[in-house]
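Chemist: Residue numbers (numbering that gives the first Met the number 0), protein chains in the order written: chain S, 0 to 503; chain R, 0 to 587.
It should be emphasised that the hints constitute simulated quantities derived from the structure, not laboratory data.
Note that the coordinates shown come from a computational prediction; the quantities given were computed from them, not determined experimentally.
Check before you lean on any hint, since a few could be wrong.
[What the hints assert, rightly or not] No more than 27 Å apart at the CA atoms, straight line, and that leaves these computed lysine-lysine pairs for BS3-like:
id : chain 1 : residue 1 : chain 2 : residue 2
1  : R       : LYS214    : S       : LYS430
2  : R       : LYS26     : S       : LYS325
3  : R       : LYS148    : S       : LYS382
[As the list claims (entries may be wrong)] Here are the simulated distance ranges between beta carbons:
id : chain 1 : residue 1 : chain 2 : residue 2 : range
4  : R       : ALA8      : S       : PHE272    : 42 to 48 Å
5  : S       : GLY330    : R       : TRP10     : 21 to 27 Å
6  : R       : GLU193    : S       : PRO498    : 52 to 58 Å
7  : S       : TRP434    : R       : GLU200    : 50 to 56 Å
8  : S       : PHE272    : R       : ARG404    : 44 to 50 Å
9  : R       : ASP31     : S       : ALA116    : 36 to 42 Å
10 : S       : GLY250    : R       : ASP31     : 38 to 44 Å
For each residue, glycine too, the CB sits at the ideal point set by N, CA and C.
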Amino acid sequence: MIARLWFQTDPAVEVAGADQNFYLYLLVAAVVVGVAVINRRIAAARHRDPATWYWLGVIFPVVSLILLLALPALAVDEGHLRRISRRQMVGIAFGLIGIVLVFVLAPNLITETRSFAFEKPVAGAQLQVGFNPSVLVLVIGIVYWIVAGLSFLPDRHDRVSMVAQIIAAMLAVPLIVGIGLALSANSVNTNVMNLFDESLVLATPIALGAMTGLWSERVGIINIGIEGMMLAGAGVGFTTYAVLGQSRSVGWLWFSILIAVLSGAALAMLLAFISIRYNVNQIVGGVVINILAIGLTGFLRSQVIVTSGYSKGVATAEIAIPGLSKIPIVGETFFTGRPIHFLMYVVVFLTWLVMFRTAWGLRVRSAGENPHAAETLGIDVVKLRYQSVLVGGLIAGLAGAWFSMESQSGFEDNMTNAAGFIALAAMIFGKWTPWGAFGGAMLFGFARALGTRLQFLDVEIGGFGIPSEFFQAVPFIVTLVVVAGALGRAIPPAAEGQPYTPAK
Amino acid sequence: MGALIVYLAFWVVAAYLIGWLVGRAAKGRGHDADRWFWLGFFLGPIALIALLAAKPGSGAPGADLEVTDTSYPDFDPAVTPILEVRGITKTFPGVIANENVDLVLNKGEIHCLLGENGAGKSTLVNVIFGLYHPDAGSIYLRGRQLEFKGVRHAISQGIGMVHQHFQLIPVLTVAENVILGNELTTGPLVDIGEARRRIREIGEKYGLEVDPDAKVGDLSVGEQQRVELVKALFRRAEILILDEPTAVLTPGEVDEFFAVVRSLVDQGKSIIFITHKLREVLAVADHITVLRGGKVAGSADPATATQQTLANLMVGRDVVFRVEKGEARPGRAVLSVHDMCVEDERGVQTVSDLSFEVRAGEIFGIAGVQGNGQRELVEAVTGMRRKVAGSVEILGEDATRFKPRQITELGTAHIPEDRTKHGLVGPYTVADNLVINRYHKAPYSRRGVRNQAAIHDEAAVLVEEYDIRTPSVDVPVHTLSGGNQQKVIVARELSGDIGVLIVSQPTRGLDVGSIEFIHQQIIGIRDRGAGVLLVSAELDEILSLSDRIGVLYRGKLVGIFDAASTTREQLGYLMATGSTPDTEEVAS
Chain S
0 MIARLWFQTD PAVEVAGADQ NFYLYLLVAA VVVGVAVINR RIAAARHRDP ATWYWLGVIF
60 PVVSLILLLA LPALAVDEGH LRRISRRQMV GIAFGLIGIV LVFVLAPNLI TETRSFAFEK
120 PVAGAQLQVG FNPSVLVLVI GIVYWIVAGL SFLPDRHDRV SMVAQIIAAM LAVPLIVGIG
180 LALSANSVNT NVMNLFDESL VLATPIALGA MTGLWSERVG IINIGIEGMM LAGAGVGFTT
240 YAVLGQSRSV GWLWFSILIA VLSGAALAML LAFISIRYNV NQIVGGVVIN ILAIGLTGFL
300 RSQVIVTSGY SKGVATAEIA IPGLSKIPIV GETFFTGRPI HFLMYVVVFL TWLVMFRTAW
360 GLRVRSAGEN PHAAETLGID VVKLRYQSVL VGGLIAGLAG AWFSMESQSG FEDNMTNAAG
420 FIALAAMIFG KWTPWGAFGG AMLFGFARAL GTRLQFLDVE IGGFGIPSEF FQAVPFIVTL
480 VVVAGALGRA IPPAAEGQPY TPAK
Chain R
0 MGALIVYLAF WVVAAYLIGW LVGRAAKGRG HDADRWFWLG FFLGPIALIA LLAAKPGSGA
60 PGADLEVTDT SYPDFDPAVT PILEVRGITK TFPGVIANEN VDLVLNKGEI HCLLGENGAG
120 KSTLVNVIFG LYHPDAGSIY LRGRQLEFKG VRHAISQGIG MVHQHFQLIP VLTVAENVIL
180 GNELTTGPLV DIGEARRRIR EIGEKYGLEV DPDAKVGDLS VGEQQRVELV KALFRRAEIL
240 ILDEPTAVLT PGEVDEFFAV VRSLVDQGKS IIFITHKLRE VLAVADHITV LRGGKVAGSA
300 DPATATQQTL ANLMVGRDVV FRVEKGEARP GRAVLSVHDM CVEDERGVQT VSDLSFEVRA
360 GEIFGIAGVQ GNGQRELVEA VTGMRRKVAG SVEILGEDAT RFKPRQITEL GTAHIPEDRT
420 KHGLVGPYTV ADNLVINRYH KAPYSRRGVR NQAAIHDEAA VLVEEYDIRT PSVDVPVHTL
480 SGGNQQKVIV ARELSGDIGV LIVSQPTRGL DVGSIEFIHQ QIIGIRDRGA GVLLVSAELD
540 EILSLSDRIG VLYRGKLVGI FDAASTTREQ LGYLMATGST PDTEEVAS
């Protein structure tokens with residue numbers, strides 16, 4: 000019955016096929032419950048908490064099932080999965096999660112009040128929202144059911160189901176934090192705004208790196224040297240500050256940030272030069288830049304920074320945006336921070352504006368899609384590629400400055416710690432669009448902040464400490480499902496990575 | 000409207016930032032921060048705009064492309080040709096593409112440039128359009144010498160070109176594609192609204208309606224071609240160069256296209272039209288220049304020229320149009336298809352309940368307008384596509400569930416429709432492509448190790464036998480011309496013991512010389528006793544080659560005829576409507 004209701008929405012579906020699918024899911028559900036029941040029996044026989052083992056028996060098969068469902072949706076060839084669309088599949092995933100939440104998790108969670116705090120505990124008076132974890136999980140579970148239902152709307156209501164799924168994905172945040180809090184051994188409240196604040200700060204270099212990637216890849220040059228450009232920015236920038244500025248004075252600090260920006264650009268020009276002028280494989284070029292940056296900055300640290308005796312200085316100062324930072328609750332989180340962090344928003348906005356709303360941006364995008372078409376319209380593709388990669392390098396240098404002169408003052412070997420590669424992932428997550436990449440960076444930043452937070456909360460289930468890595472992984476699983484279903488496949492710029500030779 | 004909001008928002012943010020900076024600076028000097036904030040807020044952006052405006056050329060990248068004066072007072076079209084090419088020579092390493100070529104184009108005229116593949120037509124127009132710099136020669140535009148300063152200069156002088164392979168960007172919208180390189184701007188931002196309006200205007204004026212907001216990748220080939228024309232007209236092109244515009248179009252689209260071309264000429268445009276389809280040349284040209292081997296082989300007047308004279312001029316020898324073939328001697332059925340149903344990628348059933356037989360020693364032609372299930376039919380028979388229902392029997396074996404290689408091993412040869420996608424592996428050498436259907440067998444391979452000597456020997460023999468023009472058998476096959484690529488496929492498929500040959504669009508995009516050769520090969524394999532299934536959108540090809548003809552209409556065979564007793568008109572009517580007014584149907 001339900002199967003018919005669902006599958007009739009798609010006219011291309013044969014009813015016989017749909018029934019087969021329905022029985023398949025029924026079978027899977029039966030297996031899941033069976034495993035859980037057996038699990039409980041075994042646990043009881045061994046004098047362990049049967050309830051815990053029952054949930055584990057449910058959760059793990061369900062999670063693997065979701066992954067199984069999501070994986071084919073990521074595949075390029077959709078030929079064999081025509082009967083259920085990608086979106087419907089994600090709907091089913093949300094439905095299954097909803098079932099777990101409502102029937103398994105909610106009845107077993109504590110019903111004592113836990114609370115989210117929204118203000119830094121400064122003046123004693125704190126805005127707190129108390130909630131009952133059990134009820135929270137129940138409500139979100141039911142919302143997931145509704146989302147699952149909405150996913151099976153006919154095609155013309157495509158937007159509705161997409162928005163529903165994005166909302167469902169966002170609800171994963173309070174859900175995870177709420178469950179974490181409910182199972183925490185040592186806390187009854189947690190500051191949500193702080194969590195956002197940390198996420199945004201941690202997202203800064205990732206978002207900037209993603210913009211670097213965007214400027215480079217949109218014009219047709221694969222850039223895996225983002226990491227190296229950032230590292231060079233961080234290393235050379237701080238060296239300037241230590242040697243010339245003797246780690247003092249704000250003026251020298253900003254001069255060094257400028258040097259950091261320029262050194263990112265210098266490495267970008269190297270990448271552009273070898274890949275445009277000499278048609279060197281762009282991946283090899285990027286790797287060379289990463290290795291070069293590690294060597295160069297390592298040398299600068301041990302031979303120049305350490306010997307100068309100024310290995311610590313002042314970092315950029317906190318600024319509060321006048322007016323806006325006085326807004327209660329959000330003001331302190333979103334409008335108080337350090338300058339490179341704010342510059343990041345400006346960079347993302349300008350990237351979008353220039354790339355998608357100006358003539359030069361249109362040309363940049365065309366050069367990455369079909370350089371020969373651009374050439375037939377009299378556009379100098381070579382020049383354009385140099386310019387765009389250079390812009391990317393400037394941004395990477397700024398991201399580097401964040402590491403050594405904003406997040407802390409000082410330089411350590413390899414201090415960018417793969418942020419450049421995560422930036423690349425964020426860019427692809429965002430389908431090569433500025434706001435998408437920014438969202439990806441936020442997500443990765445949030446995952447990092449959440450991981451740290453859950454470590455403090457000391458989450459336990461039935462006496463077992465749950466490793467924080469598990470919770471750190473949850474946002475990524477949610478992402479996987481959402482990207483597979485709601486957003487669809489990401490298509491890179493068509494001419495990316497292809498050497499270009501102009502006609503003569 | 001949306002752009003305007005963004006633009007304003009940008010200025011508000013900029014104003015805020017300037018105000019804040021000014022306010023902070025003022026505070027540091029002990030002034031009233033608030034007052035300085037507002038001062039900066041209002042005066043800052045004005046200063047910024049003034050700065051931007053003072054910079055010459057900023058904000059309007061397309062400005063240098065505008066054709067300011069389109070009247071040309073000292074140009075009299077009655078006396079001076081609008082375009083005159085004198086003695087153009089262009090060489091590429093090892094090849095002379097153009098040698099001392101002359102061409103005269105009068106205003107309001109359609110000038111056809113005719114020639115075989117590789118005759119240097121595209122090189123010549125690329126020189127005119129400024130993409131190539133010639134080694135010698137000069138071009139006079141409206142009586143004045145045109146400087147070779149690249150594409151932008153040519154465009155600004157009113158020359159527009161529609162390339163053979165469309166130069167479009169599929170992920171961008173029509174409007175974005177049209178304005179690219181010549182963007183209309185308000186301030187620093189692209190004014191897409193104005194572009195939309197101009198595109199609609201051009202569409203109405205010349206009968207080139209396209210939706211400015213559609214993504215180019217979603218458009219049909221015919222619509223994409225319209226976008227290319229709009230691109231040229233948007234730049235106020237007076238001279239339009241059309242490089243093989245009809246090669247990619249279906250017969251219906253070709254008629255539509257010619258209507259557009261005529262309306263362009265009526266409005267005073269001059270056109271250089273490149274093609275190697277003789278029928279089209281005679282239908283539209285005012286003047287014909289024939290190129291052969293990079294040189295002008297001669298000119299012709301369409302009023303007096305015939306297809307025969309033009310073809311002889313193109314190829315340089317007498318061309319036989321009517322395919323010489325003897326009487327067919329059909330034997331037993333070698334390929335039988337029973338009630339076959341096939342779906343396309345979208346799951347739509349494009350071939351339904353199809354049944355036919357191909358007998359040994361006959362050519363069974365399938366006629367039909369493109370997109371009536373031909374592609375799916377061929378792919379299903381050759382094992383490349385799953386059949387939803389029905390069966391296929393090849394040389395007495397049930398091949399319904401066979402994979403392509405199993406079908407090949409039965410003794411089936413396949414010349415596919417899309418030679419670059421299914422026929423050849425582009426980057427592989429000519430030699431490897433010539434044995435790619437039997438590379439795993441002796442003598443080309445022993446115990447999994449390829450025998451280069453045997454492969455080379457075989458390739459050398461085939462290159463000789465099939466007259467494949469290639470510098471060596473070791474060059475990548477994609478460097479060959481279309482005709483020679485097709486010859487590589489024909490050579491590979493027809494060598495060996497063939498019981499069934501399945502051919503799809505064998506001469507699409509080829510010149511007359513290659514067409515003649517391939518037709519002879521197909522007849523030859525028939526006379527050696529193979530059954531041939533020929534699928535083609537060219538009605539002439541079907542009529543001249545086939546012994547029996549089936550007409551495919553919406554995935555069904557709506558009639559099977561004896562080729563001898565069928566006329567072009569009968570078939571055309573059936574292809575278009577799917578029904579026969581009064582034709583004698585011959586049982587299959």
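Chemist: A separate judgement is required for each hint: does it hold in the structure or not?
Modeler: Tested hints:
Between the alpha carbons of R:LYS214 and S:LYS430 the distance comes to roughly 17 Å, so the proposed pair stays at or under 27 Å and holds. Simply put, R:LYS26 and S:LYS325 have alpha-carbon atoms about 19 Å apart, close enough for the 27 Å limit, and the pair holds. A C-alpha spacing of about 17 Å is found between R:LYS148 and S:LYS382, which places the hinted pair at or below 27 Å, so the restraint holds. At roughly 37 Å, the beta carbons of R:ALA8 and S:PHE272 sit outside the given window of 42 to 48 Å.
Between S:GLY330 and R:TRP10 the C-beta distance comes to about 24 Å, which sits within the given range of 21 to 27 Å. Checking the proposed 52 to 58 Å range against R:GLU193 and S:PRO498 shows it is violated: the Cβ atoms sit about 36 Å from each other. Range check, S:TRP434 to R:GLU200: about 33 Å between beta-carbon atoms, so the 50 to 56 Å window is missed. Hint check: S:PHE272 to R:ARG404, Cβ distance near 47 Å, so the stated range 44 to 50 Å holds.
Judged by the Cβ atoms, the range 36 to 42 Å given for R:ASP31 and S:ALA116 holds: they are separated by roughly 38 Å. Hint check: S:GLY250 to R:ASP31, Cβ distance near 26 Å, so the stated range 38 to 44 Å is violated.
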